[in-house]
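Protein chains: 2
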Amino acid sequence: METQPARGMRDFLPDDVRRREHVVGVIRDVYDRYGFEPLETPAVENIETLLGKYGDEGGKLIFKILKRGDHESSGQADLALRYDLTVPLARVVAEYQAKLPKFFKRYQIQPVWRAERPARGRFREFYQCDIDSIGSVSPVVEAEQIAAVSEILTALGFKNFVIRLNHRGVLTSMLTTSGVPEPLHGETLTALDKRDKIGEDGVELELKQRGLDRSTIDRLLAITAFLPAAVDPFEELDTLERKIGEDPRGASALNNLREIFQLSTSTGAGHLLLDKSLARGLSYYTGAIMEVGVRHLPGSLGGGGRYDNLIGMFSGDSVPACGFSLGLERILVVMQEREMFPAFIERSSIDVVVAAIDLTAQVTMMETAASLRKLPRLRVDVYPEVVKKMDKLFRHVDQRKARFLAILGGNEVADGTVSIRDVATRKQETIPRDTLAAYLASRLTTND
Amino acid sequence: METQPARGMRDFLPDDVRRREHVVGVIRDVYDRYGFEPLETPAVENIETLLGKYGDEGGKLIFKILKRGDHESSGQADLALRYDLTVPLARVVAEYQAKLPKFFKRYQIQPVWRAERPARGRFREFYQCDIDSIGSVSPVVEAEQIAAVSEILTALGFKNFVIRLNHRGVLTSMLTTSGVPEPLHGETLTALDKRDKIGEDGVELELKQRGLDRSTIDRLLAITAFLPAAVDPFEELDTLERKIGEDPRGASALNNLREIFQLSTSTGAGHLLLDKSLARGLSYYTGAIMEVGVRHLPGSLGGGGRYDNLIGMFSGDSVPACGFSLGLERILVVMQEREMFPAFIERSSIDVVVAAIDLTAQVTMMETAASLRKLPRLRVDVYPEVVKKMDKLFRHVDQRKARFLAILGGNEVADGTVSIRDVATRKQETIPRDTLAAYLASRLTTND
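Protein chains in written order, with the working numbering: chain Y, 2 to 449; chain F, 2 to 449.
Bound conformation, chain Y alone (with noise of 0.2 Å):
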């Protein structure tokens, strides 16, 4: 019988579980602090909610779910599994206006799913961690976003990552200033943000090849080029100004970014940089657009921008939207591949297991457990069963990956002590019972 999970699907064993709710814990614990309050939504949808919503291709992707009952047959579908976050915040927004802040943020962080075909690093069910700041233009929306990602990579252990930061109304600016016919906009943005992959060249051929002549390529290359981290953004943004500063949207979007860039100073702006060949999937955004990701390291940990006009479908209202999104499941493979899990998460499940060498010691051991629990923290396992093989006993705190491991047999009860025994150095040595506690309590910190 098949016993693996369906396709592109995963277990969480329990190591895997422990690692992500540590990222997700310092994640929500960083989104609380920035005052992103959490939203959950439920996993099934009803099929008109999502359809329509994500393109051609992306609707081939939602998992539809079958009538029940004597619908059966029909082969119909009436609902369907969560494809992103961001379509149930606008249904959210819509259903209960009256009830929400009007500057609301949110946070949410669940699983959607996606029928690709799997691949590398591509799953079929895979957690989005997304914020969202309903309601409000203000350019204090990106950088407080800005300053709670920042945040969030500093405190997960991430030292070379840097958030590139850049505006559609730039892009728009800079093709028209540059000559690109607005009928070309779209794929030479796709072009031009390949360059981390492509390379320059790549990217000229590919301009070529859409029909693009020499001068423009040229001018947009120049234009584009990436920024040297060393550079002064707002220096940039004044030699940007003197290229695109005549276009009103240019000019506009340009007062946003240096607006964006000021606002930063105090928070994370170390990691804060300009980047004006960064464009992301562009059809939705209308304003700032950002990514994160870490030096010398393919791909973006995450990213968002400003999309005004998608919050408000359901409404029929402009709600403007500021938006970012972490990807965890990129997080936890770079997280894994750097080794940079702390210590107490990788080494060890279990703190001490007590286990029982006579039948009649083993209400002392639930007693034993039991005071032990009650300190904070502290993980203990009983041994279910009447040690007869020492081995047997060793293999399972190997198992459990346990640090110390206590023994009772009908000495130590009647003597008022435990064996405590040091897994890794196999130390062992009898203590009175009542200073096991303690015993523990300070071994495991100096440990560690």
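Hints are supplied without guarantee of correctness; some may be wrong.
Cβ pair distances, simulated, as ranges [what the hints assert, rightly or not]:
1. F:D233 x Y:R339: 58 to 66 Å
2. F:N161 x Y:G53: 47 to 55 Å
3. F:E188 x Y:A156: 46 to 54 Å
4. Y:S74 x F:E58: 13 to 21 Å
No lab work stands behind these hints: they were computed from the structure. Treat the numbers as computed from the prediction; the structure is a model and nothing was measured. Don't be surprised by glycine CBs; every beta carbon is placed ideally from N, CA and C.
On the provided structure of chain Y, position chain F as indicated by the hints.
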């Protein structure tokens, strides 16, 4: 356009999520400290994994997912939504046998989906919180689960709860001894199980209708009569021993219960009592059964028992197991009705909102927020727009349930001060900006 969640599903707004997270956090913490390890499985399983596992009625409630692409028009389903956490556990145990410890203790807190007719307190997406201990038939397993559940309920603030304990062998033996013919055992237990709801007379009537004679019913009601909690369980076990001790199955079950009570003396035994009439859905239980409830409150908060023939369903091995499932949704309803959530969850979602009344003060606003966000657990919001009308700001602060409001204008920036307002008392004072963190830290602690 429809913006409600799908039928029987729920959106959880921030206050809901915080309450749920609080309860889940307590459950997770206790299970961690008891050495249970976290497991997560995908929401979506291959349909063959689930079909045939939940009986005819259960099978109809499974949400099935349409095959994708060209197969979509066939109306065939190849996947299905998780229906419980036990079948996935059995699959995991079979699949990762070599990786898992012989005595595997896991907890799993995830949603399941059932296409039931929605009703008060019954949803189509709801969380299960399961623990299961795999690999041992020792009564230490039952005692440990009882202790953990008892500690969870105590930590959540429940006081008058009782964990009722019985044994399938005791039930069978009581029925046999009372003269209930074997083929009527199932129906008889179903009737007995309703004693809580329909009373002794109701049970009597049902048993008559099922064909039991007067004297059998009398013997049965006498032998299963519910005990006043004051009775010592060991005495009661001795009394029962005299009635069913001749039957080997009865004797061995009583022995098992005696051991569980003995092992529980140090761990939450104050809440544990013998309930000879407890039956539960008996189909797969093979040993001890338990159920936790609150005195004077109908229904249970969770239950479980030993089921030694289920976990091996995929591997074909016989794998002993014992599990306990807490009903998260029910616990939440009771806690809300009885106002049991800690004040810090109900009271506020934000500790302080920082606002600028001049555009030039926004950079200082971001700096101030950044310094406050360095404090652990302080939740800090910034007001995104330059304040033009104070009422609007006050309304925002109310909507966010903030406790303090820090206001910055040109004067404050120049003076190095900040105006701080206590939202509840409306008292406002101006203090040096570098004392703000200490001010809030002391005010928020003393007000707790």
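With respect to the beta-carbon atoms only, verify the hint that F:N161 and Y:G53 lie 47 to 55 Å apart.
-> This hint holds: roughly 53 Å between Cβ atoms.
Between F:E188 and Y:A156, does the C-beta distance stay in 46 to 54 Å?
-> violated, 59 Å
Evaluate the given range 58 to 66 Å for the C-beta pair formed by F:D233 and Y:R339.
-> Roughly 59 Å apart at Cβ, these two residues keep to the hinted range, so it holds.
Is it true that Y:S74 and F:E58 lie within 13 to 21 Å of each other by Cβ?
-> holds, 19 Å
Violated hint for the displayed structure: number 3, the only one.
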